[in-house]
Amino acid sequence: MVDAARQAINHSIGAVGMNEGDLERYRAQSYCSEIREAPEVVDLFSKTPILRLSESLMGEGKVQIPNSGQIALRFPGPLHVDPNEPHGHLDGLGSGKNGMEKGVYRRGFTALAVIYLADVPEPYSGNFTVWPKSHSFFADYFKKEGHEMLANGMPRQELPEGPTQIVGKAGDVILTHHQIVHTAAPNAASDIRYAVIFRLRHVDCEKNGYDAYTNIWGEWPGIQEAITASDA
1 MVDAARQAIN
11 HSIGAVGMNE
21 GDLERYRAQS
31 YCSEIREAPE
41 VVDLFSKTPI
51 LRLSESLMGE
61 GKVQIPNSGQ
71 IALRFPGPLH
81 VDPNEPHGHL
91 DGLGSGKNGM
101 EKGVYRRGFT
111 ALAVIYLADV
121 PEPYSGNFTV
131 WPKSHSFFAD
141 YFKKEGHEML
151 ANGMPRQELP
161 EGPTQIVGKA
171 GDVILTHHQI
181 VHTAAPNAAS
191 DIRYAVIFRL
201 RHVDCEKNGY
211 DAYTNIWGEW
221 PGIQEAITAS
231 DA
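All residue numbers for the sequence shown refer to this note's numbering, where the first residue is 1 and numbers rise by one.
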């Protein structure tokens, strides 16, 4: 399945191509938009154990099956240029280039499922990168300051921990909370970083809306059970 998805992506790059003026939008939204709903892409979630794993966290029958994936590619940087340090963000903040206007924000999903389609064996290879504990940090921050400040863009706060660049093999999946600060690390390797990202929605995601910024486990009964068990 990984090979089929990567072949579809490579065919799109070679046959459909990319316009230089659209590269920033591709990075923010998706490459290869004409195959985002293709079986080679969406089956990576719906016909693999990732669905069951997601339900173990969010509740059986509570995960809306996504009908498209984000084709997330990170191309190698220029030769002989040292990579910059990664800078993280929260999704759903309008930039004017990601399909949302500046000053607009929304909490539109519960979890990310990031699937590597090729090995990512070392840091600075375009790795999916997370800032551990940032979800709970911002839950406390929004309780004090309100989430409305997100209209001004990403809050620049000192986070509890620095970035972790996740290494892995083709077929590995990373499941993260929607409020984990994340990014793609710069790619100083010789190969493209291939991934497909699904934004998973709990069936009550729209109803819960902004409340999930502070009630961060409201859509995660599996995590609630684990917390209760650990406190027992």
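Among the clues, some could well be false.
Just the calculated beta-carbon pair ranges, DEER-fashion [as the list claims (entries may be wrong)]:
#, residue 1, residue 2, range
1, T228, D3, 39 to 45 Å
2, I223, E85, 28 to 34 Å
3, I13, K97, 30 to 36 Å
4, T228, I65, 26 to 32 Å
5, G108, R52, 30 to 36 Å
6, G61, G209, 29 to 35 Å
7, G108, G146, 17 to 23 Å
8, T48, P155, 16 to 22 Å
9, F75, A226, 37 to 43 Å
10, D204, E148, 19 to 25 Å
11, R52, T228, 46 to 52 Å
12, D3, N84, 29 to 35 Å
13, G108, T48, 30 to 36 Å
Simulated from the structure, these hints should not be mistaken for lab results.
Even for Gly, the Cβ is constructed at its ideal location relative to N, Cα and C.
Can you list which hints this structure breaks, lowest number first? 3, 5, 6, 8, 11 and 13
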